[in-house]
Structures are given as structure tokens and as C-alpha cells.
Amino acid sequence: MVDRVSVGVAAFLAVSAVAATAYAQQKDAAQEGIEAYREALQDGNPAELYEATGEELWKTPAGPKKASLEQCDLGLGPGVVKGAYARLPRHFQDTDRVQDLESRLLTCMEALQGKDPKPYVEAAFTAPPKEEMIALAAYVSGQSKGDPIAVTPKHPKEQAMYDLGKRMFYYQGGPYDFSCATCHGQEGTRIRLQDLPYIPGTKGAAAGWGSWPAYRVSAGQMWSMQWRLNDCFRQQRFPEPVYTSDATIALSMFMAANASGETMKTPGIKR
Amino acid sequence: MKHAMKPAAFLAALLLAGPALAQTKAAPSWGPGADDAAFTRMLAASFKDKGIARIDRLTQDETQAFCSDPEAAASPNAAETRQRIEAANMATVKWPSDGKWLGDWKEGEKIAQSGRGNTWTDKPGEPNGGNCYNCHQISPAEISYGTIGPSLLQYGALRGGDEETMKAAWAKIYNAKSLNACSNMPRAGHMGILAETQIKHLMALLFDPASPVNVKTGPVK
Amino acid sequence: MGNPMKIRASAKDGVTEIKILMSHEMETGQRKDANGTVIPAWFINEITAKLDGKTVMQAQWGPSISKNPYLAFKVKGGKAGDKVSVTWVDNRGDTRTDEAAVT
Numbered sequence: 001m002v003d004r005v006s007v008g009v010a011a012f013l014a015v016s017a018v019a020a021t022a023y024a025q026q027k028d029a030a031q032e033g034i035e036a037y038r039e040a041l042q043d044g045n046p047a048e049l050y051e052a053t054g055e056e057l058w059k060t061p062a063g064p065k066k067a068s069l070e071q072c073d074l075g076l077g078p079g080v081v082k083g084a085y086a087r088l089p090r091h092f093q094d095t096d097r098v099q100d101l102e103s104r105l106l107t108c109m110e111a112l113q114g115k116d117p118k119p120y121v122e123a124a125f126t127a128p129p130k131e132e133m134i135a136l137a138a139y140v141s142g143q144s145k146g147d148p149i150a151v152t153p154k155h156p157k158e159q160a161m162y163d164l165g166k167r168m169f170y171y172q173g174g175p176y177d178f179s180c181a182t183c184h185g186q187e188g189t190r191i192r193l194q195d196l197p198y199i200p201g202t203k204g205a206a207a208g209w210g211s212w213p214a215y216r217v218s219a220g221q222m223w224s225m226q227w228r229l230n231d232c233f234r235q236q237r238f239p240e241p242v243y244t245s246d247a248t249i250a251l252s253m254f255m256a257a258n259a260s261g262e263t264m265k266t267p268g269i270k271r
Numbered sequence: 001m002k003h004a005m006k007p008a009a010f011l012a013a014l015l016l017a018g019p020a021l022a023q024t025k026a027a028p029s030w031g032p033g034a035d036d037a038a039f040t041r042m043l044a045a046s047f048k049d050k051g052i053a054r055i056d057r058l059t060q061d062e063t064q065a066f067c068s069d070p071e072a073a074a075s076p077n078a079a080e081t082r083q084r085i086e087a088a089n090m091a092t093v094k095w096p097s098d099g100k101w102l103g104d105w106k107e108g109e110k111i112a113q114s115g116r117g118n119t120w121t122d123k124p125g126e127p128n129g130g131n132c133y134n135c136h137q138i139s140p141a142e143i144s145y146g147t148i149g150p151s152l153l154q155y156g157a158l159r160g161g162d163e164e165t166m167k168a169a170w171a172k173i174y175n176a177k178s179l180n181a182c183s184n185m186p187r188a189g190h191m192g193i194l195a196e197t198q199i200k201h202l203m204a205l206l207f208d209p210a211s212p213v214n215v216k217t218g219p220v221k
Numbered sequence: 001m002g003n004p005m006k007i008r009a010s011a012k013d014g015v016t017e018i019k020i021l022m023s024h025e026m027e028t029g030q031r032k033d034a035n036g037t038v039i040p041a042w043f044i045n046e047i048t049a050k051l052d053g054k055t056v057m058q059a060q061w062g063p064s065i066s067k068n069p070y071l072a073f074k075v076k077g078g079k080a081g082d083k084v085s086v087t088w089v090d091n092r093g094d095t096r097t098d099e100a101a102v103t
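Those sequence lines, one after another, are chains A, B and C. If you count the first sequence from 1, position 1 lands on 1 in the working numbering, and the numbers rise without skipping. If you count the second sequence from 1, position 185 lands on 185 in the working numbering, and the numbers rise without skipping. If you count the third sequence from 1, position 76 lands on 76 in the working numbering, and the numbers rise without skipping.
Calculated directly from the structure, the hints in this document are not laboratory data. Ideal Cβ positions, reconstructed from N, Cα and C, are used throughout, including at glycine. The reader is advised that the hints may include incorrect statements.
Far from chain C by the CB rule (all over 10 Å, computed), these chain A residues [said to hold, decoys possible]:
(1) Arg97
(2) Ala123
(3) Pro197
(4) Ser245
Label pairs and their calculated CB-CB ranges [to be verified]:
(5) B:Gly51 <-> C:Asp52: 50 to 60 Å
(6) B:Asp104 <-> A:Tyr37: 29 to 39 Å
(7) B:Lys110 <-> A:Arg271: 21 to 31 Å
(8) C:Ser85 <-> A:Glu56: 20 to 30 Å
(9) B:Lys110 <-> C:Phe73: 43 to 53 Å
(10) A:Asp116 <-> B:Asp104: 49 to 59 Å
(11) B:Ala45 <-> C:Arg92: 42 to 52 Å
(12) B:Ser144 <-> A:Leu41: 16 to 26 Å
(13) A:His155 <-> B:Ala45: 14 to 24 Å
(14) A:Glu35 <-> C:Gln58: 29 to 39 Å
(15) C:Glu46 <-> B:Arg41: 50 to 60 Å
(16) C:Arg92 <-> B:Arg41: 47 to 57 Å
The calculated lysine to aspartate or glutamate pairs, modelled on EDC-like cross-linking and capped at a C-alpha distance of 20 Å, are [unchecked claim]:
(17) C:Lys6 <-> A:Glu56
(18) C:Lys79 <-> C:Glu99
(19) B:Lys123 <-> A:Glu240
(20) A:Lys145 <-> A:Asp43
(21) A:Lys270 <-> C:Glu25
The task is simple: from the sequences and hints, build the whole structure.
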């Protein structure tokens with residue numbers, strides 16, 4: 001049984017190679033059209049509107065302590081926003097945790113403003129508390145636009161997080177046997193017409209990591225990296241990742257470190 | 001989620017996959033065996049039930065555990081394990097109950113187009129789609145197709161429709177891991193994603209001479 | 001009142017290019033919410049741009065314009081320091097005006 005089947009598989013592969021060549025031209029035309037559309041989107045990214053909202057949130061006193069976030073330490077010292085996003089995730093002494101931007105924002109909101117992070121963690125991505133998080137992420141990420149991504153795991157907890165992230169990336173589960181690698185583990189593939197970045201490689205990791213948060217034109221929504229990952233897991237048929245949980249930070253560390261040296265293009269714009 | 005094959009608890013799965021890896025790497029830095037306790041803790045703390053997507057979906061069966069370390073799974077040392085996993089998956093394949101391979105290709109096209117089902121935003125009890133176009137080129141009229149899987153244009157026209165060919169295609173759809181232990185393709189029948197009649201419709205899409213998959217194409221310029 | 005617009009204007013060789021990003025839901029009136037209730041139409045239906053007080057562009061919009069609209073156009077004349085003023089009015093009667101200087 002097994003032998004007959006493997007012959008069938010070999011024939012199947014040979015045939016598909018021929019078919020693929022024959023239709024290459026048609027494919028190229030479709031691809032060109034998509035690329036032209038994406039280019040047309042680059043001018044006038046509505047993400048700027050969210051950056052403006054985020055900047056106001058950053059600078060406006062709020063919470064029980066009536067404080068702004070201006071003294072928040074995103075890794076480059078209190079109050080330094082410029083270039084901070086390009087160096088996240090990283091280990092923070094005060095929490096002794098590896099944190100991505102959104103988990104770090106929660107730390108600052110709790111410490112500086114006296115806010116309870118719980119409602120921010122539990123709210124749906126379209127609910128007001130998450131809208132705040134996303135606007136803040138848009139603002140902070142915009143302050144690293146054009147900077148080189150500089151994430152090299154050095155601290156033992158950063159190295160452990162990278163390894164956990166790599167393992168998470170390849171971890172299969174659920175009714176479809178999907179892992180992140182099912183879609184993002186080969187070069188040059190796509191789902192329907194959507195190109196899939198190859199996350200283990202530098203260029204692919206940068207195409208993914210370096211372009212979120214991003215404005216999604218078709219949905220008219222601004223998505224943070226946490227939202228991006230959340231929806232990946234939904235489509236992976238996994239249970240829901242907890243907002244700013246270690247699995248999401250580990251994956252972020254895996255992506256950011258793989259993308260290191262490439263350029264941050266945040267906030268991005270997607271179809 | 002149905003597990004016709006013996007389900008392995010998460011830790012048991014790690015133990016199964018562990019020795020295979022140890023043969024290829026002296027000190028695994030990240031895969032199974034690296035820091036299983038930390039990884040297990042992370043999974044348990046990071047995910048929660050939502051809708052029909054419950055945390056038990058993170059419990060791996062042997063196939064999933066084995067394929068979660070792709071480098072080790074593809075190594076020559078793992079050839080025996082691969083064959084054993086393929087055979088175990090082949091044993092799960094349920095052949096058509098009435099002996100008929102083909103349904104209606106038009107229904108098959110609808111199933112191939114639909115990517116619905118099994119996410120936490122899907123309602124229980126509604127029929128699932130096949131997700132086929134996400135990864136495969138199928139009917140030439142549909143230009144929005146993915147490329148993770150091979151093109152299926154001319155599938156039946158090029159292969160004919162003898163018993164063995166039908167059987168291989170059915171096994172591939174029912175349980176893709178029966179032919180390739182770590183195929184990217186879901187196990188549509190085995191995991192209860194598609195019902196027998198739906199698989200027949202997809203078979204018709206691939207093999208029916210009237211299906212657009214098999215229409216004659218002109219010479220390519 | 002709405003959220004502020006982002007306006008950029010730059011003059012070069014006697015032509016001023018004006019780029020405007022507006023924050024607006026632009027509901028078509030065709031969509032339904034999770035309960036099946038129609039979401040009422042809500043969109044900008046009038047937009048006016050002035051360069052140094054003189055109207056240089058006026059348009060009537062409908063529900064086919066996307067959420068958070070982006071508009072770019074060029075006008076003859078204008079120089080650095082000139083004032084650009086943009087006003088939109090939506091079908092609920094809400095309006096907003098923002099200004100920027102030509103660079």
C-alpha cells in the first residue's frame with residue numbers, strides 16, 4: 001500500500017511542476033496588479049491619525065495618579081520614545097521580564113498612572129481600552145520609523161525567550177495541525193493572493209515584524225502586533241492567546257531578533 | 001476535536017519526540033527536550049478557551065509532536081519514525097462507505113472555495129469549508145489561489161481515474177499525513193473537518209471530466 | 001466635531017500640492033451589525049479647501065468613499081507660508097475645519 005502510494009505522489013509532483021510553468025505568466029500579471037495597488041496605498045497612510053491620537057494619550061495626564069506616560073521607560077530611559085520600538089522586546093530590570101511594547105505600556109500605565117491593566121488585557125480589540133493601546137502602539141512605533149531593528153538576545157531571559165519563541169513558531173496543534181511555520185516556514189508562498197513572509201529569514205522577519213502596527217485598508221482598522229498575532233492564532237484554529245502573554249512575547253522576540261539589522265517601517269499599511 | 005488515533009498527552013508527546021531529537025543534536029537549544037517545563041508553563045499561561053476553540057487543542061497527538069521539530073523530523077535518522085507515523089495515519093483512513101469515489105464537482109468547488117470553520121469566531125454545527133484555494137490552484141477561472149500546495153490543474157485529466165489513483169487522492173484528502181508524515185495539509189477526514197460526502201464532492205472536482213479542473217487548455221504563448 | 005485632520009501642503013514651481021487625511025467612519029448605510037441591525041449611513045458629503053482664503057477645491061462626496069479618507073490634489077499658485085484651510089460637513093450636519101501652512 002505505502003509503496004504504491006509513494007509512486008502516486010512522485011507522479012503528482014512531476015505533473016504539478018509542468019502545470020505551474022504553464023500558468024506562470026498568468027500568475028505574474030495578477031501579482032503585478034496587486035503590487036501596483038499596494039504601492040498606491042503607501043501615500044496617505046491613515047495610521048497617522050492613530051499616531052496623533054496616541055501621542056495625545058501619551059502626553060495627557062490620566063488614571064488615579066493623574067499622570068501622563070511621558071516618564072515611561074521603554075528601554076532607553078524614562079521619557080525616551082525615539083528609537084525605542086526598534087529595540088523591543090527586551091529584558092527590563094524593574095519587572096525582571098522580557099516585554100514587548102504593549103506589555104511595557106501596561107507596566108507604565110499601572111506604575112505611573114495607577115491604572116489596573118486587567119480591563120486593558122481583557123477587552124476585545126475593537127473595544128475602547130484596546131483602542132487606547134493600539135493608538136499608543138501606533139505613536140511609539142512611528143517614533144522608530146526608518147530606524148534599524150536592533151534586537152539581539154543577550155540577557156539569559158532574552159535568550160530563553162528567543163528559544164521559546166522559536167519552539168512556539170514550530171509548535172503544531174489544533175484540528176488542522178497548523179503551526180506558524182505551516183504558512184510562514186517556506187519562502188515565496190502565499191495564501192490566496194496574500195504573500196506570506198518567511199519568518200525564520202531576515203528579510204521575511206522584517207517584512208512581518210517591521211511593518212506592524214499597521215492600518216488595514218479593507219477593514220478600516222489599525223492593528224497592533226498583538227492583534228496581528230491574535231488573529232494568526234485564530235486562523236491557526238488555536239485557542240485565544242492572552243493579550244501580552246509570554247507566548248506572544250516569545251514569538252515577537254523570535255521575529256524581532258531574526259529581523260535585526262533591517263529597517264523599521266512602522267506604522268505600516270496593508271490592503 | 002476527534003482523535004481516532006491514540007491521543008498522546010502533551011508531556012507524553014514530548015517524551016516520544018525527545019529521543020529522536022537527541023540522536024541528531026548533542027544539546028538541543030530550543031526544540032523538544034530543551035526546556036520542556038518552561039515551554040509547558042508558557043503554553044498553559046498564554047492561552048484560554050474562546051468559543052469552540054478550547055485549550056485542549058494545544059494537546060498534541062504523536063504526529064503533531066513529531067512534526068513540531070521539522071529539522072529532526074526530516075533527518076535521515078527519523079526515517080523509521082516517519083514511516084511508522086505515516087502507516088498509523090493510513091490506518092485511520094475510512095474509505096467511501098458505498099464504494100463510490102465521486103460526488104458532484106459543483107458542490108466540490110463550493111467546498112474548495114470556503115475557508116470557514118473551526119476558528120473561535122465560527123459557530124459549532126455549521127459545515128466546514130475545505131480551505132483548498134488557500135493553498136492550491138484548482139479551477140483555472142479562480143485566480144485568487146495560494147501556492148503552499150501544488151497546482152491541481154488538470155488533476156484528473158493527467159492521471160486518469162483508475163482505482164489506485166482514486167485511492168491515493170482519497171487518502172491524501174482524508175489524512176494527508178498518511179502519505180507524508182509532516183505534510184502542511186490538514187487531515188480533513190481524520191480530524192472531522194470534512195464529512196464523507198464533502199470529500200466525494202472534492203474528489204469529483206479533481207476527477208470528473210466535466211470539472212473545470214480538467215478542461216482542455218490551449219497552447220501557452 | 002470629529003478628530004483632527006492631517007493636512008500637508010507644499011509649493012513648488014508655482015504649483016501647490018495639498019494632501020489631506022481625514023478621520024471619519026464613512027458608514028455606507030449598507031452594513032449590518034452582529035445582531036442584523038442596519039448601521040445608519042454616516043459620511044462626509046461636502047468638502048471645501050481654501051488657499052489663502054480663496055476656495056480652490058470643492059467636492060460632494062457619497063458613501064462610496066472609504067473610511068478615514070485621503071485626498072490629494074494640486075492647484076496653481078500658492079507659496080510657502082500661505083494658509084490652507086479644509087472643511088468637511090457630514091450627513092449628520094457635523095462639521096470640522098483644520099488649517100496648515102504651505103511649506
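So, going through the hints one by one against the coordinates:
Every Cβ of chain C is farther than 10 Å from the Cβ of Arg97 of chain A; the closest lies at roughly 34 Å, confirming the non-interface assignment. Here Ala123 of chain A stays apart from chain C, with its beta-carbon at least about 16 Å from theirs, past the 10 Å limit. Non-interface status of Pro197 of chain A relative to chain C is upheld: no Cβ of that chain comes within 10 Å, the nearest being about 25 Å off. No beta-carbon of chain C comes within 10 Å of the beta-carbon of Ser245 of chain A; the shortest separation is about 26 Å.
Roughly 57 Å separates the CB atoms of Gly51 of chain B and Asp52 of chain C, a value that falls within the hinted 50 to 60 Å. With their beta carbons about 36 Å apart, Asp104 of chain B and Tyr37 of chain A fall inside the hinted range of 29 to 39 Å. Range check, Lys110 of chain B to Arg271 of chain A: Cβ separation about 25 Å, and the 21 to 31 Å hint holds. Between Ser85 of chain C and Glu56 of chain A the CB atoms are about 22 Å apart, so this pair conforms to the stated range of 20 to 30 Å.
A C-beta distance of roughly 45 Å is found between Lys110 of chain B and Phe73 of chain C, which places it inside the suggested range of 43 to 53 Å. Roughly 56 Å separates the CB atoms of Asp116 of chain A and Asp104 of chain B, a value that falls within the hinted 49 to 59 Å. Look at Ala45 of chain B against Arg92 of chain C: about 46 Å separates their beta carbons, and that is inside 42 to 52 Å. At about 18 Å, the CB distance of Ser144 of chain B to Leu41 of chain A agrees with the hint of 16 to 26 Å.
With their beta carbons about 20 Å apart, His155 of chain A and Ala45 of chain B fall inside the hinted range of 14 to 24 Å. Distance hint check for Glu35 of chain A and Gln58 of chain C: the Cβ-Cβ separation is about 34 Å, which falls inside the suggested range of 29 to 39 Å. Taken as a hint, the range 50 to 60 Å holds for the pair Glu46 of chain C and Arg41 of chain B, whose Cβ atoms sit roughly 58 Å apart. Roughly 52 Å separates the CB atoms of Arg92 of chain C and Arg41 of chain B, a value that falls within the hinted 47 to 57 Å.
For the suggested pair Lys6 of chain C and Glu56 of chain A, the alpha carbons sit about 14 Å apart, so the restraint of at most 20 Å is met. Of the supplied pair hints, the one linking Lys79 of chain C and Glu99 of chain C holds, its CA atoms being roughly 15 Å apart against a limit of 20 Å. A C-alpha spacing of about 15 Å is found between Lys123 of chain B and Glu240 of chain A, which places the hinted pair at or below 20 Å, so the restraint holds. For the suggested pair Lys145 of chain A and Asp43 of chain A, the alpha carbons sit about 15 Å apart, so the restraint of at most 20 Å is met.
A threshold of 20 Å between alpha carbons decides the hint, and for Lys270 of chain A with Glu25 of chain C the separation of about 18 Å falls inside it, so the pair holds.
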